[in-house]
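Same order as they appear, the protein sequences are chains H and S.
With full-length UniProt numbering applied, the first sequence closes on residue 670, and no number is skipped along the way.
With full-length UniProt numbering applied, the second sequence closes on residue 670, and no number is skipped along the way.
Rather than coming from a laboratory, the hints here were simulated on the basis of the structure.
Check before you lean on any hint, since a few could be wrong.
No distinction is drawn between identical chains; accordingly, a pair holds when it is met within one copy or between any pair of copies.
Think about it this way: if two alpha-carbon atoms lie no more than 25 Å apart in a straight line, the pair counts; the simulated DSS-like pairs of lysine-lysine are [what the hints assert, rightly or not]:
(1) Lys236 to Lys502
(2) Lys510 to Lys647
(3) Lys607 to Lys510
(4) Lys669 to Lys479
(5) Lys513 to Lys35
(6) Lys239 to Lys15
(7) Lys661 to Lys236
(8) Lys15 to Lys661
(9) Lys331 to Lys455
(10) Lys669 to Lys239
(11) Lys664 to Lys137
(12) Lys669 to Lys81
(13) Lys15 to Lys137
(14) Lys236 to Lys81
Remember, it's a predicted structure, so these values are computed and weren't measured experimentally.
Protein chains: 2
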Amino acid sequence: MSNKETTEINADLLKERRNCSFDVEELTNVIDGGKVQTDKRREIENLFLNSGLSYDDVPEEYLSPKDRYENAVRKSAILSKIAMDMLEKVTVLEEFGIQSPVLRRIADAFFREVSPFLLHLGMFVPTIIGQCTVEQKAYWLPRALRMEIIGTYAQTELGHGTFIRGLETTATYDENTEEFVLHSPTLSSYKWWAGGMGKTVNHSIVVAQLYTKGECHGPHTFIVQIRDLDSHMPLKGLKVGDIGPRLGFQTADNGFLGFDNYRIPRENLMMKNAEVLKDGTYVKIARHGKLTYGTMVFVRVMLVSEMAFNLAKAVTIAVRYSAVRRQSQPKPNEPEPQVLEYLTQQHKLFISISTAHAFQLTSAWLWTTFTAVLADMRDGNTDTLPELHALSSCLKAICTSDCSAFIEQCRFACGGHGYMISSNLPSLYGFTTATRTYEGDYTVLLLQTARFLVKMWEQVEQGNAVTPTLEYLTRHQNKEIWDESPEGIIRAFESVSAGKVKGCVASLRKHMKDGLDYEDAWQLTTVQLVAAAEAHCRAILSRVYWTETVRVSAGSSSEVRAVLHQLAALYLLYWATERTGDLLRFTTISESDLVNLQERYEELLRKIRPNAVGLVDAFDLRDETLRSTLGSYDGRVYERLMEEALKSPLNQEPVNQSFHKYIKPLMNKL
Amino acid sequence: MSNKETTEINADLLKERRNCSFDVEELTNVIDGGKVQTDKRREIENLFLNSGLSYDDVPEEYLSPKDRYENAVRKSAILSKIAMDMLEKVTVLEEFGIQSPVLRRIADAFFREVSPFLLHLGMFVPTIIGQCTVEQKAYWLPRALRMEIIGTYAQTELGHGTFIRGLETTATYDENTEEFVLHSPTLSSYKWWAGGMGKTVNHSIVVAQLYTKGECHGPHTFIVQIRDLDSHMPLKGLKVGDIGPRLGFQTADNGFLGFDNYRIPRENLMMKNAEVLKDGTYVKIARHGKLTYGTMVFVRVMLVSEMAFNLAKAVTIAVRYSAVRRQSQPKPNEPEPQVLEYLTQQHKLFISISTAHAFQLTSAWLWTTFTAVLADMRDGNTDTLPELHALSSCLKAICTSDCSAFIEQCRFACGGHGYMISSNLPSLYGFTTATRTYEGDYTVLLLQTARFLVKMWEQVEQGNAVTPTLEYLTRHQNKEIWDESPEGIIRAFESVSAGKVKGCVASLRKHMKDGLDYEDAWQLTTVQLVAAAEAHCRAILSRVYWTETVRVSAGSSSEVRAVLHQLAALYLLYWATERTGDLLRFTTISESDLVNLQERYEELLRKIRPNAVGLVDAFDLRDETLRSTLGSYDGRVYERLMEEALKSPLNQEPVNQSFHKYIKPLMNKL
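Okay, chain H solo, but in the shape it has when bound (with noise of 0.2 Å):
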């Protein structure tokens, strides 16, 4: 049943949809790239959420985390039955792509945390599709898709996550055998965080330190069984288990593995990029290096699209909560103002809703960047790598920082009824602040970013060409104009970016005067070029935002045109008044600029103030999805609560036991 079917919708939200200036379903066609792809998606979200098989009579969180677990599973086998029924009907995969966002907005609906062969689609059969030999392939491949194995992916260990050359699992060829023998020589060696391996899978991607004839060739990546396919015990030689509760990804069943000298078969190195040869040789193949980057690319494009999802979802539920609730009386007499009408409230959504935006563009353009550079690959020219690695660096770390920070926002602005997580802007929370550190952590991350834009500097100073996202370096050596038209606020950025980056050149070149090596210097820098890759990371959102918006807005309607335009005037107002030590500093802003800056992006929120339901309806997420007591199509907010809270097990007998075992002894002084 799609939302738009219920009956029963609160009034004040019929009155926001009423008055909306533009037509809801055309943004939606805009948001998802045209009407066919909104038809196609709601094809497939009705195939998998029509039947009802995503909903749970008794909610998750009401179960222990093992039969939390145990429905995961249930939960998880439904949905794989459809999804394999479907795919022979039609090629989504191909249509879609693995990790497309109908299958999240899908799994979303089954999971208020996420399935437990989550890792199974999203890291064992990608992984095995690039790193393995066309051979390998044709015997992992369809066994994987056809789900006759279930894998994860074990790289991170107790004592290592970051430093991938410091892992310590080993894997030594034995060329008598001809076999690895894996072995986890510590504790801290212990594969740990692999989703799935705590009680799911049958195998793993494993990641080893690979030793040939006494010598070590770095890490690599094996396919090792983990457990019988018949009885599912854990085969001999290996120790692995459940790493416990998380604070969020609960029914991720994520686990721990280690080895004790356990063999696995030759053929088991995944040998796209290197080889092992039977006497034990060991055989680089030239290409390594380049294409294994191509999947971490990937997966951060993907996350920042996912960023935008999440971010939707939450601010959804916080603007059709801030719709219904009403609260307080400024004026004597005069009814309680929906939360909606308060500035502050706007203040802390609407720029989510931007920034919803900015995500989905700028996933969509690294995409086409990526896929740019790939070819430049397949030519031989590897020239575009380096900026294409160090603007998914910094766009993976700030977009989910960002987007965590305003999923807390949202849920801040649901008061105490965000906290219930039948709002479920906590599980958003919990689920979506992980991927700030996994798939590498925030602060790491932008220190990649700025050992390019250091070394893009020194290309300037020496009169050189600079790659196209970093040509702006050669444009502000000085204080930047002030303008305060679109174009100049992102020169200003720019212009930000540029100072900054200057500032750590000059830290750095202070401190090896001081005698200090490069390494040292560049320690003592840290806390300024991270500051510096934000910087630079902003400037990037900002254009990169601005040019979509006007480039896919230029075919709507007029009103929609005007909408779109707001939002992304909004992101660039919002960024400057954060940002006002940074425009003083880099640019010729003054006093009263300033003042016109906060007056300006006061009035814009209270431009898109009437529109703002309509804007998060365009998102076009069914309640299965949104899960939310707070944010349904509807907006039976306290209706829902109430229903919500009636499930609770404890609600299910007058008196709970604990009354008469500890409560009644202790008040009679037993």
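Knowing the structure of chain H, use the given hints to seat chain S on it.
Okay, now just chain S, sitting in the frame of chain H:
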């Protein structure tokens, strides 16, 4: 067993402790307020914790919410029994106050979240003390203290939190039976959130609109019996139950309560401030308002102190982990450094050590201010009350908000392992972030402070005297001359606050000149008003922290005095570098001053580095209270992570039943 008796200590932590420049015990005494207080605290901690009764065989996070609740009741009964036994020996309540930090340390050892009895001592008893007549108190208080009755406090409704005047629950006096009739006219009028209401309590304070003779007298407090004392069955005319899972407070048993013309005796109105006579005559006692106000300020003082405690816990965990964790290899052939060596890590963590001290000293100072105001009020002077209100409002808002944000920063600094529930950082955040909302929402409280700031600004304009904490408004009519000393930085923050208040007043007047009335102009200025109140609060925190540091460290050894001054200086420099835009707008600070500020900040991080472990050790938090695999005194991080994981019920059997039920059929296409 105190932490220090553990035998096996991580080598890096041993080295850190050997290299600490000051006597940790001396600093602990300073934090506790003297050696006598430290000894007394430890004595009580030993009494409650040495028995091992706080310990769970199966950690509570592995249970279902229902089992977890029952386990929390079991342990609450144990804790209450020890407490009541102890009360007969020592008069802890007198010596430490009901909400004393020592009790918090003990409660945290018993519960990862909180006790379902939390609001009995935290709100039910204090409200009886604060709002009952002498006769009422004589009846209720002994019963409550002996736990013959167990109560909570029900004010917030589904539809109203912030706006108390909007509460919908009615209490209508019936002079025929001399009873009040409590009624919930709508779903949104159901009480919602009261801790312990779900299944635990048998009494509750209830706030309802009082009606006598057809006239409404606004919200008043009543004592209401909820459940039968013998059978624990909810009484007829009530609908009561659990509200379902929350982000934190998971064992707090928060509940809802609805009334269907439920009758209570006339005597159950809490009559210290207002009385209803038998014939229904309403008699207001003059001092009404002022004293209930007192309870509110008291709760805020306690909250600021609690934030200091929560942050001390988080940073103890993160600093110890950062001393044990080694990662990356900035220089080839050198060992991986402790992550505490990284400047970015120091930047993330040390501000939290400073802030824990800042909040503790500010809470104590606020308490002193508060008792002075109380003394004034007893003399009939209420002039100082508005200042205290403005002060406690913004301090509550900023301290809870900063504390939550810094706890998350501590968690981020622990990477993936910080995401484990066993680190205790997620629960600490979940608990703390609630304080941003309850007892006064962040934005609402800052706007209350802003009202006072604007009023005081107008007083200054008219040449009138203003209250001491706002006396600085008279000094900052123009840009402050920048001076990099501590006093200079504090003055700069004051000038920032003054400048922002001035800007708000200008904005208000501009809107009014455009034809708006005051309230509409106020609404349109609220984003800037919130920022002004925040700036005021940061100025207060900076001055109080610095002044109190100088005061309390005066009698210390030079080593302890040095580190306390370093921490306070770090606080000033941190916020100065965070607020460069404000400093550039409202002081004469130059670009080279800013560069210099950043350098001094980074130098200070490096100076504090060798003492970081000693500084968190000085908070003297027992492992039982920290409950963290990452933060224990002995630093056995990886061992504890694995030990906790192995307790998972999922790890008690090699194959989970869901394999046979769901996974195998899927693999075999059955």
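Original post:
Tell me, which hint numbers fail for this structure?
Top reply: Of the numbered hints given earlier, those the structure breaks are 1, 2, 4, 5, 6, 8, 10, 13, 14, listed in rising order.
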